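The residues making up each chain are set out below.
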Amino acid sequence: MTARNAKEKGSLIQWGIVGLLAWVVPGGGYWILGDRRRATVVGLTIVATFVLGLYVGSIGVVDPVNARYWYAAQIMTSPVVFWVGRCASAGAYTVYGRPYEIGQIYTSIAGLLNLLCIINALYIAHVREAHAQEDSA
Amino acid sequence: MIDGVVSVLASFTKPEQIGTTPQSVLWMLPLTAAIAVVYKATKVHRVVAKPFFKETALLFGSIVAFMAVAALILSAVAWFVNEKLPGLMGY
Chain A
18 MTARNAKEKG SLIQWGIVGL LAWVVPGGGY WILGDRRRAT VVGLTIVATF VLGLYVGSIG
78 VVDPVNARYW YAAQIMTSPV VFWVGRCASA GAYTVYGRPY EIGQIYTSIA GLLNLLCIIN
138 ALYIAHVREA HAQEDSA
Chain B
6 MIDGVVSVLA SFTKPEQIGT TPQSVLWMLP LTAAIAVVYK ATKVHRVVAK PFFKETALLF
66 GSIVAFMAVA ALILSAVAWF VNEKLPGLMG Y
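In the order they appear, the protein sequences are chains A and B.
Every number in the working numbering is 17 more than the matching position in the first sequence, counting from 1.
Every number in the working numbering is 5 more than the matching position in the second sequence, counting from 1.
Rather than coming from a laboratory, the hints here were simulated on the basis of the structure.
From a predicted model like this one, the values you see are computed outputs, not experimental measurements.
We treat Cβ as the ideally placed atom computed from N, Cα and C, and that holds for glycine.
Each hint should be verified, as a subset may be incorrect.
[Unchecked claim] Taking beta-carbon pairs under 8 Å as the criterion, some of the chain A residues facing chain B (in silico):
hint : residue
1    : L50
2    : R54
3    : R55
4    : T62
5    : I63
6    : V64
7    : T66
8    : G74
9    : I76
10   : P116
11   : I122
12   : Y123
13   : R145
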């Protein structure tokens, strides 16, 4: 393996860790990159939005069976949503009307905001690495 | 202590009572604030409390103002179609 291949592999692993951590804990990607303040702001805001959605509409708004497209957005918040979805999919938490709409919108937007942060954290990691390579060259 | 935890968890298994009223539109405000905060956090070079708060408040205000204008225009169109147009068409 050449030095360049090893470096590329190292970058991919680093991006994978940043992306995974950003998904597992909202704001985690920024945290591992050393941007603690941004991580705190983003993490608290996304978690608060998701929890508010669950509070308004109950955990019934996370429905992996009947609302798959909404679920795809909700799952971007964190893998914890898998567990919430499993609890809710038993059908014991039915919810209709305005609370359902508001809860679903809040939880899905929280997921999409986290997706934005995952992509942004990966971009920052890429830019920093490119700058480091320029400096070392 | 345990009763408190159980009651908090139980509140997540029962939806809140929100009617289809004009006031329910106000639920957009916390969501708009969250979007403004996260979007600005991804855009600014460094998160510094005062300028960050100022920029976020500006974005929040812009979104709310745009939505209010859009709502006014749509209400005017709906009013025209429902109230005036039938008379003009001779119905």
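Outcome of the hint check:
1. L50: violated (13 Å)
2. R54: With a closest approach of 5 Å, the R54/A hint holds.
3. R55: Where the cut-off is 8 Å and the nearest Cβ of chain B is about 5 Å from R55/A, the hint holds.
4. T62: holds (5 Å)
5. I63: holds (7 Å)
6. V64: violated (10 Å)
7. T66: At about 4 Å, which falls below the 8 Å cut-off, the nearest Cβ of chain B leaves the hint on T66/A intact, so it holds.
8. G74: holds (5 Å)
9. I76: Since the shortest Cβ distance to chain B is 6 Å, the answer is holds.
10. P116: At about 4 Å, which falls below the 8 Å cut-off, the nearest Cβ of chain B leaves the hint on P116/A intact, so it holds.
11. I122: holds (7 Å)
12. Y123: Since the shortest Cβ distance to chain B is 6 Å, the answer is holds.
13. R145: Hint violated; R145/A Cβ to chain B Cβ min 13 Å, cut 8 Å.
The structure fails hints 1, 6, 13 (numbered hints given earlier, in ascending order).
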